[in-house]
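Novice: In case you want the letters, here they are:
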Amino acid sequence: MIERVAARPWLWPAALLAVVAAALLLSDAAGSWLQVANPDPARATEVTAALDGLPDDAMVLVGMDPDLGTYPEIRATVRAALSELLERGARIAFVSYTPEGRAAAAAEVERLIAGGADAGRVLDLGFVAGAEAGLVLSVTQFGAAGASFPAAFADAAAGIAAFDMTLVVGGLDIGPRTWVEQVVTRVPDMPVLAVVPTFLQPEVAPYLRTGQLAGLLATVRDGATFASGVGDGEAQPAALPMLAGMLVALGVIGRALYVVRRPDATPGRREPDEQA
Amino acid sequence: MRRSLPATIVVLIGLLLLVNFVVINPLVAGVAQGVLELVVVLAAGAAVLGGATLLVHHGGQLARTGGDRLGSGVLLAGMAAMLLAGFYPGSAGSADPAVRWLVAALLAPLIAALFAMLFVFLLAAMQRGMALRSRQMVVMLLAAAAAVILLLPLGGTLGAWLAGTSAWALAVPVGAVFRGLLIGVAIVAATYAARVLLAVGSADD
Numbered sequence: 001m002i003e004r005v006a007a008r009p010w011l012w013p014a015a016l017l018a019v020v021a022a023a024l025l026l027s028d029a030a031g032s033w034l035q036v037a038n039p040d041p042a043r044a045t046e047v048t049a050a051l052d053g054l055p056d057d058a059m060v061l062v063g064m065d066p067d068l069g070t071y072p073e074i075r076a077t078v079r080a081a082l083s084e085l086l087e088r089g090a091r092i093a094f095v096s097y098t099p100e101g102r103a104a105a106a107a108e109v110e111r112l113i114a115g116g117a118d119a120g121r122v123l124d125l126g127f128v129a130g131a132e133a134g135l136v137l138s139v140t141q142f143g144a145a146g147a148s149f150p151a152a153f154a155d156a157a158a159g160i161a162a163f164d165m166t167l168v169v170g171g172l173d174i175g176p177r178t179w180v181e182q183v184v185t186r187v188p189d190m191p192v193l194a195v196v197p198t199f200l201q202p203e204v205a206p207y208l209r210t211g212q213l214a215g216l217l218a219t220v221r222d223g224a225t226f227a228s229g230v231g232d233g234e235a236q237p238a239a240l241p242m243l244a245g246m247l248v249a250l251g252v253i254g255r256a257l258y259v260v261r262r263p264d265a266t267p268g269r270r271e272p273d274e275q276a
Numbered sequence: 001m002r003r004s005l006p007a008t009i010v011v012l013i014g015l016l017l018l019v020n021f022v023v024i025n026p027l028v029a030g031v032a033q034g035v036l037e038l039v040v041v042l043a044a045g046a047a048v049l050g051g052a053t054l055l056v057h058h059g060g061q062l063a064r065t066g067g068d069r070l071g072s073g074v075l076l077a078g079m080a081a082m083l084l085a086g087f088y089p090g091s092a093g094s095a096d097p098a099v100r101w102l103v104a105a106l107l108a109p110l111i112a113a114l115f116a117m118l119f120v121f122l123l124a125a126m127q128r129g130m131a132l133r134s135r136q137m138v139v140m141l142l143a144a145a146a147a148v149i150l151l152l153p154l155g156g157t158l159g160a161w162l163a164g165t166s167a168w169a170l171a172v173p174v175g176a177v178f179r180g181l182l183i184g185v186a187i188v189a190a191t192y193a194a195r196v197l198l199a200v201g202s203a204d205d
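Read top to bottom, the protein sequences are chains E and H.
In terms of our numbering, the first sequence opens at residue 1 and continues consecutively.
In terms of our numbering, the second sequence opens at residue 1 and continues consecutively.
Check each hint, because a few of them may be wrong.
Said to hold, decoys possible - Here are a few chain E residues that sit away from chain H, every Cβ distance over 12 Å (derived from the structure):
1) 39
2) 46
3) 52
4) 58
5) 158
What the hints assert, rightly or not - Distance ranges between label pairs, derived from CB positions:
6) 155/E with 66/H: 51 to 59 Å
7) 148/H with 151/E: 48 to 56 Å
8) 109/H with 240/E: 39 to 47 Å
9) 149/E with 110/H: 44 to 52 Å
10) 144/E with 65/H: 27 to 35 Å
By construction, these hints were calculated from the structure, which means they are not laboratory data.
Small disclaimer: the values here were computed from a predicted structure and weren't measured.
A virtual CB, placed ideally from N, CA and C, is assigned to each residue, including glycine.
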């Protein structure tokens with residue numbers, strides 16, 4: 001039987017496509033066979049509730065330190081959140097503690113301004129060196145002593161504590177965990193929202209349960225739910241190309257696994273335990 | 001109980017920052033602030049030194065025959081363009097529109113293109129990895145296939161089941177392993193810190 005399957009390398013991808021097609025055809029979804037958004041909107045609702053709690057003309061800090069490799073996974077969610085903040089009349093200031101985050105922040109600030117955002121309501125605080133040490137210093141001070149900021153952000157000189165909320169766009173180096181450890185312990189009343197890639201979800205989720213994070217969007221599904229909830233359909237990732245890419249990946253994985261089963265496969269270098 | 005100078009400095013600064021965290025005292029806060037500013041200056045200095053080293057290395061490579069002279073030239077030209085945009089008279093530094101344009105219009109798309117190829121290279125690496133026929137690779141591929149299947153963007157009952165199962169997988173088995181690792185790392189870090197503080201064993205070296 002195995003030999004028969006092994007003789008047909010196309011069988012795995014074909015079977016996979018058949019299963020997905022059958023699932024789609026037998027699905028009871030009325031007109032929405034493809035869906036990125038999470039059917040459980042709990043995470044997105046928490047974030048929206050935190051945004052609802054912002055005062056008028058709020059000043060929000062965006063701690064922008066994603067990894068460039070995983071940023072594409074959360075970019076749509078981040079853009080939906082920024083767009084929603086501006087829509088609600090908030091002033092947003094970007095700051096980064098990693099060089100990669102600085103690059104992402106510069107690109108997002110440029111995109112916002114080029115997209116017609118009021119430049120007076122967007123501030124680029126730039127890069128702060130020193131990682132955790134810089135973050136701790138920022139709690140009470142941004143920029144050099146006596147540094148001046150635009151009138152709309154005059155309070156920003158007093159550091160993170162002067163902001164109404166922080167949106168942390170995290171990565172491996174500086175993420176929500178660092179913010180909770182270094183900032184939330186010093187400014188416990190300031191709500192912190194976080195957007196992180198899926199691989200950081202297990203690390204960050206406990207802070208949501210303890211209340212140290214006011215909201216967390218850590219998967220593509222939750223990000224899409226949030227984006228659709230705030231009416232930013234443009235920011236949602238398209239389901240069909242995503243499905244196509246995933247099917248290709250599954251096909252290649254199946255083909256790679258087939259190589260193991262193939263009786264005449266070239267063994268190549270074996271593991272030490274296999275040699276023994 | 002002989003302490004080396006670096007260990008003594010680590011102990012003193014660690015204790016100072018710890019005291020500053022739990023005691024409200026302007027003098028201690030001022031000293032702690034000074035230490036933090038010193039760390040920030042050191043980090044910034046290290047970054048400048050790293051840039052200078054890169055400049056010297058690729059400048060030398062450009063002067064020599066052979067090697068990747070084209071690559072070095074492109075890197076130095078990129079550095080020069082960014083420095084020029086950030087340091088021209090009247091520039092706003094890293095927040096200058098010219099720097100932001102260079103990053104948004106050149107750097108970000110280039111990096112995005114580079115990482116977009118990761119999908120292809122990862123799949124190719126998978127194929128090559130399987131040629132080694134290792135059990136670890138099989139386990140990894142099966143886990144990857146399970147993760148991809150759970151993340152399929154399907155609607156209806158099946159989609160809801162996939163979303164619920166993937167949330168459970170992240171929260172329970174993956175979360176348990178992740179937190180186990182974090183707790184293990186924290187215990188090792190705490191033990192090491194205690195050994196440094198108490199000048200016990202090789203941690204003092």
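Novice: Now, for every hint given, state plainly whether the structure supports it.
Specialist: Against the structure, the hints:
no.: 1; hint: 39; verdict: violated (4 Å)
no.: 2; hint: 46; verdict: holds (14 Å)
no.: 3; hint: 52; verdict: holds (24 Å)
no.: 4; hint: 58; verdict: holds (22 Å)
no.: 5; hint: 158; verdict: holds (14 Å)
no.: 6; hint: 155/E with 66/H: 51 to 59 Å; verdict: holds (57 Å)
no.: 7; hint: 148/H with 151/E: 48 to 56 Å; verdict: holds (50 Å)
no.: 8; hint: 109/H with 240/E: 39 to 47 Å; verdict: violated (23 Å)
no.: 9; hint: 149/E with 110/H: 44 to 52 Å; verdict: violated (32 Å)
no.: 10; hint: 144/E with 65/H: 27 to 35 Å; verdict: violated (46 Å)
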